[in-house]
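8 protein chains.
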Amino acid sequence: GDARVDHHRALRQRQAEAVYGPGKTPDQCRRIVAELLAEPAGPPVVLTRARADQVEAALAANPGGQVTASGELATVVWRPAPPRPGRVLVVTAGTADLPVADECLAVLSGLGFAPRRLVDCGVAGLHRLLADLDEVLEADCCVVVAGMEGALASVVGGLTPAPVVAVPTSVGYGSSFAGLTALLAMLSSCAAGVSVVGIDNGFGAACAVGRLLR
Amino acid sequence: GDARVDHHRALRQRQAEAVYGPGKTPDQCRRIVAELLAEPAGPPVVLTRARADQVEAALAANPGGQVTASGELATVVWRPAPPRPGRVLVVTAGTADLPVADECLAVLSGLGFAPRRLVDCGVAGLHRLLADLDEVLEADCCVVVAGMEGALASVVGGLTPAPVVAVPTSVGYGSSFAGLTALLAMLSSCAAGVSVVGIDNGFGAACAVGRLLR
Amino acid sequence: GDARVDHHRALRQRQAEAVYGPGKTPDQCRRIVAELLAEPAGPPVVLTRARADQVEAALAANPGGQVTASGELATVVWRPAPPRPGRVLVVTAGTADLPVADECLAVLSGLGFAPRRLVDCGVAGLHRLLADLDEVLEADCCVVVAGMEGALASVVGGLTPAPVVAVPTSVGYGSSFAGLTALLAMLSSCAAGVSVVGIDNGFGAACAVGRLLR
Amino acid sequence: GDARVDHHRALRQRQAEAVYGPGKTPDQCRRIVAELLAEPAGPPVVLTRARADQVEAALAANPGGQVTASGELATVVWRPAPPRPGRVLVVTAGTADLPVADECLAVLSGLGFAPRRLVDCGVAGLHRLLADLDEVLEADCCVVVAGMEGALASVVGGLTPAPVVAVPTSVGYGSSFAGLTALLAMLSSCAAGVSVVGIDNGFGAACAVGRLLR
Amino acid sequence: GDARVDHHRALRQRQAEAVYGPGKTPDQCRRIVAELLAEPAGPPVVLTRARADQVEAALAANPGGQVTASGELATVVWRPAPPRPGRVLVVTAGTADLPVADECLAVLSGLGFAPRRLVDCGVAGLHRLLADLDEVLEADCCVVVAGMEGALASVVGGLTPAPVVAVPTSVGYGSSFAGLTALLAMLSSCAAGVSVVGIDNGFGAACAVGRLLR
Amino acid sequence: GDARVDHHRALRQRQAEAVYGPGKTPDQCRRIVAELLAEPAGPPVVLTRARADQVEAALAANPGGQVTASGELATVVWRPAPPRPGRVLVVTAGTADLPVADECLAVLSGLGFAPRRLVDCGVAGLHRLLADLDEVLEADCCVVVAGMEGALASVVGGLTPAPVVAVPTSVGYGSSFAGLTALLAMLSSCAAGVSVVGIDNGFGAACAVGRLLR
Amino acid sequence: GDARVDHHRALRQRQAEAVYGPGKTPDQCRRIVAELLAEPAGPPVVLTRARADQVEAALAANPGGQVTASGELATVVWRPAPPRPGRVLVVTAGTADLPVADECLAVLSGLGFAPRRLVDCGVAGLHRLLADLDEVLEADCCVVVAGMEGALASVVGGLTPAPVVAVPTSVGYGSSFAGLTALLAMLSSCAAGVSVVGIDNGFGAACAVGRLLR
Amino acid sequence: GDARVDHHRALRQRQAEAVYGPGKTPDQCRRIVAELLAEPAGPPVVLTRARADQVEAALAANPGGQVTASGELATVVWRPAPPRPGRVLVVTAGTADLPVADECLAVLSGLGFAPRRLVDCGVAGLHRLLADLDEVLEADCCVVVAGMEGALASVVGGLTPAPVVAVPTSVGYGSSFAGLTALLAMLSSCAAGVSVVGIDNGFGAACAVGRLLR
Ligand SMILES: Nc1ncnc2c1ncn2[C@@H]1O[C@H](COP(=O)(O)O)[C@@H](O)[C@H]1O
Ligand SMILES: Nc1ncnc2c1ncn2[C@@H]1O[C@H](COP(=O)(O)O)[C@@H](O)[C@H]1O
Ligand SMILES: Nc1ncnc2c1ncn2[C@@H]1O[C@H](COP(=O)(O)O)[C@@H](O)[C@H]1O
Ligand SMILES: Nc1ncnc2c1ncn2[C@@H]1O[C@H](COP(=O)(O)O)[C@@H](O)[C@H]1O
Ligand SMILES: [Mg+2]
Ligand SMILES: [Mg+2]
Ligand SMILES: [Mg+2]
Ligand SMILES: [Mg+2]
Ligand SMILES: [Mg+2]
Ligand SMILES: [Mg+2]
Ligand SMILES: [Mg+2]
Ligand SMILES: [Mg+2]
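Chains as they are written, first to last, in our numbering: chain Z, 8 to 221; chain B, 8 to 221; chain D, 8 to 221; chain L, 8 to 221; chain Y, 8 to 221; chain X, 8 to 221; chain V, 8 to 221; chain W, 8 to 221.
Because the hints were derived from the structure by calculation, they are not lab data. Keep in mind that the hints are not guaranteed to be accurate.
Some but not every residue of chain X turned toward chain D, in silico, with C-beta under 7 Å [unchecked claim]:
no.	residue
1	Gly72
2	Val74
3	Asp207
Partner residues aside, some chain B positions facing chain L, computed with beta carbon under 7 Å [unchecked claim]:
no.	residue
4	Thr32
5	Ala103
6	Gly181
Built from N, CA and C at the ideal position, the CB exists for glycine as well.
Using the sequences provided together with the hints, build the complete structure.
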């Protein structure tokens, strides 16, 4: 095949094996997923940001995948990990951040977590976040998904002593510069100890949680 | 002289005449301030971001200036405007933002306001801002001075219906990129109707307040 | 629903509740508008940058909205605020800035203002602006909408002592870099006290006016 | 005082209270540290990136601080936390990254950890890292400190299933752009689940570890 | 014709004559290729990044071209150079880098080389590269094709004393910024003597190899 | 109408009145051109970067326009200026720069010049430019249209003492960054006295020539 | 010597031979100037941006140079060209732009022109420029020197049909980004036919004038 | 010691061991050089970009180093490699590029080459380069060192079929952006097969030559 799949990584990392949809033909998606599932006791296999035709091709040849549609793209998980402790909370700033949050939630589920989510908590309406302060304080780990000015990561980071993984999204217009503004803001957070993954990288945030809640 | 001072602007705008210190010799500062004060019933005259030698030269030839030292630079105001109504609150995120806030406060005083200030209200410690919520709600206008991720502007903008003028500062390190991060974050604020002036531009923020609380 | 609408914000801010069209399904637009209108004595509700199918879905379920078509997108206002004093002037540099100006005008109307507009006043033809100098001088607040080099904000700011809210637009080609040039130019304006909102953010400019002409 | 110290944060977060040296007078350093130590059972207090005169002033008034000199700047820790489990490994790419690594190590010690370090493991000489593979595999958490192209974070992330916190440094010349290259590279890491803090932010990385090894 | 073809360049350089597909009509492709082939003893002629309709038009009028389809675009070679010594290895980081690698491989073949390739060697799975260390050490020249954080160039550069030509690709999402991250990382490589060509420029890398393995 | 046409500018400048096509409806193009032509003894009227439907609408209502198709867009000139002395040479680097060069040539013709052009003179094949050195040395003004690294402007500027107007184009891939590279290179030209217009701004270059060859 | 001076360029271009001061030792300045003056009937020789020690060394060995001190740096001209017709006007926005304007004026004088200057014409005080409209309209060529938002170039370009050469300066703070804002604004000018030279490049602007007023 | 020196790299690469001066204490320079020389039959050892005090300390403890002073910094070579065939030509654009060229030349000598150099060949004076065309055509490899617009790399690349390694320098002002302009221009070169190293990286260019002329 034209991708040498990594059978060792799973042993080393107990993480998911991921296939990134964009730029692949439906047939490539189908074949790479199949190769990964051929490994007997392998880790979860995840197809991310897949278009409908990619999902269809991959599922036809590899039945049993769990599909999470997020916006126009979907995440598919095969062979999810067994349940695993650790309360993970995914907090989003606005409706438009949902596709990234949903990718994160789907991968977290694939890793065995039972994540909860809080939506529409933008800092311009603090009372909404404060109304659910309990959820924030009880979480073992918070993922904050926000675009625009990304301020939500600082606010959550100031409320909880737990790990906070911040995901800047490309949500916003004009001066948001496709997520760059949120990215820089999160990296400059005045809440010490917030760490950041790449723009729109809900998958990466889930993997970071998988590492720290072992 | 080598600067044609603008005697008409004051009539048109009832704003301050400002002399920007950096890049000018002490002698240029002295002469330009003198020319501006020569105008009989002119507006306040302000020397901003002045080094000690510039302040000294300007005061020696033009006595009566009120000096506000902010960090290594100072603001000097001559012929302040008569007192003027309007409750202005200047909120700062951290100690390091004080020089910019102080420039703003000095110019506001020169324009006739009696501004109040709240310091050290970074969003990582929301309880500090919330403890002074009354001050925020009573203000006719808030100036928010913040570096790093600039999230304070969004939080203040979400708490008050009054005008909010945001001043990004070059405070921060690494990923703050000398104020660019705070600038972009403030422009992308999810609190609708927050408006922004240039990086470290405490003077400009005071003038914006002068325009809107006429 | 998948968006927790903010019923408290209106009380706090007396501003409009906005739904940003891009990235939402027609059905999401319909439902969120409906939820916002369900609030008995709520503020104006505005759908911005909406495509035809979004407008249609939202109006079908929520009759009575006032549609302003601006280019390929539209702004819809439900439950406009009662008339409100304050002369607001929206000045645009070129024909291509009209969609952003129209969004601003529609939201201003929704907030209860009766805004006026001056079009095609680019600084390369100063006589056009100077011919309408009266309009500028009589306004309680000017919104300047300009792309390319954004110089119009400085010129207007030098003519009036009133508040000036500058909106950089993504109009222009090549070196305009999708509004970045106008944005930076407006933030660096030599006319003191001009304040700026994000690129193409006509909505934000209207909200800034709503704050300062309370 | 001119900084309102945050007595509540410690309760909420069990983290260190930090005073960032640059831009503060020796006297400000002295006073803020004193105020923080006045709190009876408070958390560790850390002065970061302090010049010699700042260290001297702060120590004179507040004896007992533990000084870590890193390059031209120092980190001082007062009232360190009691010992705390968790094997933390700090890996650096080159000699020039040591000041950032040392800041991180000093703060980790202040938080109660007994961190280990591996130096000079740049990816151009993989055998050096592979020679110490045991250390990497035994760590509960790895902090990777690297400038230039920042590739070390990806390599370490591919070797261990533990959490990896990456700190880009401003080390490098020309095309490193003061840490921006390493920052972007780490955010784009092909090793899933690596998370990143701001440029040169050794303090932030230590706090991130403090959060995730609670 | 509307392109003055360079019959002298071949004499000077013994390189390929290339026609860059994007932005040209099928007819332009056909005519320029024909003009280049009209030169009696000329060098190889290459059409790069050609869409299906461009390939078809060019082949119809100029039979005998060898087509390499890479993703949605193709490379076509006419009149390949005679076989030429020199073991060239093209190493790619991920599946998505294949189109750029394939363009490079096609042009290398056109220049008379018999290049080999190693795929899917991203540094997050070092064991894959190390498993083929022999191939790397036997090559007279390595081309490294990688997107995301581009770390593969540093690792290969640290393993072999042979020339390494690095090609950053626009593969990646969010913080990869369309190849800029990989480009800067490769230019900042801690492996001394790695040299770099433009983003996605598989053609340029092949030409660089053609220059250095004369 | 929704554009206040500038009847005074022509008097002041003896330049063309231009209508920029992108973002306008066919009907807007038609109406604005008509208004401009209604002015009795006005200057040339030019519609730039117009799509087929815009050209059609404008010509139907305003017959007599001269169409220059350049790539997918066209330039239309009505009421060209009478012939005017001055030898203008437009030099292009590659085939792909032709649309920008053609816009420039069409506007130059509209201004009354009889411009000549040299194509495909990229600096990698200097002999092509040197073969036409006479043309360069006889010109009263050279316009250099080039993308990629834009070096042609420096070479031409070093060969002639005449004015050189450089037009960076968005031609190129990867590291050309849509014309930014050529723009910066031309502004940094080591050939003193080369001046530059915006990216792809063939229209602006023609106007600059119109100013300097009065 | 370590610089191969270009004796042919003068013949080709009738321009000045320039030595750029920064980065050269006083001795290098002395020697290069001497070599250039050794050419019997050569063009003007100019030393630009020279520190006091460089000026002193160059003048001691090469007497007769005309020194223009501009801020901390100076321009020195030897062997000025004979007087030459053409009314050149240099317009500056603010006092801080004077060093760049003075470099331009000194080189223009060296080229044989008798340039005039208008100072302190920033667009925030249009009445100052309009008061000298005659000067602008009588000039055969205008050089506009401006930092901050650079809007002056557009305004002057809209007032005169003559050539306008715009020089962005690094004057300004924060959002001016060391001249980038003014540069982009001038390149995006809505006044057609304005052309631009590099940031702070007063020398280059003078050479551009030398080319166009031959 | 605080740097783990790489004794294996030399075996693998037959390259120089380099110590980068900036950011190291004189004592660190001394110790690291000593450790590297302690290796019996090791490769050349090079100290780059060293200040006078660093050179002095390193030489005092490690006699026999060959010093090349280039501007304010120096390169020191110990234990040079035995002579080695291969004609290397280093071409520079201007006097100010000499420090980077000299670092490259010193390292090339240390690697056993006898490099030649051509200075002051900026493309604005092509006749100077063409006068030495023989040197260019006879070289087995050309290093092109240029700042400003970096066009020299394209011109040299168009003249020779040999490998061309381009080094952008931070020479230039304003729009050169500290080497970024030259870097991007060289990466976008229309001369196919030119490869590029980092800004000011004369050392890296020498190592690239060392790799390709094995
Ligand atoms: N949604 C995603 N966001 C970011 N990175 C991803 C995503 N999905 C997959 N990846 C990464 O991309 C790699 C797979 O790329 P590929 O081999 O091209 O399928 C995985 O190893 C992941 O590290
Ligand atoms: N046209 C617009 N331009 C900028 N911001 C807008 C616009 N319309 C709505 N918004 C902002 O976007 C938020 C709504 O986002 P959402 O919840 O995704 O509909 C509002 O609170 C506004 O602050
Ligand atoms: N795939 C490619 N990537 C980068 N540069 C290319 C590619 N193909 C052709 N070129 C360059 O583009 C030039 C041809 O451009 P054109 O004359 O527009 O066909 C050639 O001289 C090559 O230097
Ligand atoms: N092709 C073009 N390139 C750059 N600027 C142009 C072009 N065509 C027209 N313009 C400018 O755009 C303005 C017309 O814009 P508009 O009023 O939107 O049609 C004119 O005044 C010109 O300055
Ligand atoms: Mg919402
Ligand atoms: Mg504080
Ligand atoms: Mg118009
Ligand atoms: Mg080392
Ligand atoms: Mg893969
Ligand atoms: Mg060609
Ligand atoms: Mg002034
Ligand atoms: Mg020279």
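Quick rundown of the hints versus the structure:
A cut of 7 Å between beta carbons decides the hint on Gly72 (chain X): the least distance to chain D is about 19 Å, and the hint is violated. Interface hint status for Val74 (chain X): violated, as the beta-carbon distance to the closest one in chain D is roughly 21 Å, over 7 Å. Residue-level restraint check for Asp207 (chain X) holds (minimum Cβ-Cβ distance to chain D is 5 Å; threshold 7 Å). Given the 7 Å rule on beta carbons, the hint for Thr32 (chain B) is violated: about 27 Å separates it from the nearest Cβ of chain L.
Hint on Ala103 (chain B) holds. Least Cβ distance to chain L is approximately 5 Å, under the 7 Å limit. Because the smallest distance between the Cβ of Gly181 (chain B) and any Cβ of chain L comes to about 3 Å, under 7 Å, the interface hint for this residue holds.
Consistency with the previously given hints fails for numbers 1, 2, 4, ordered from lowest to highest.
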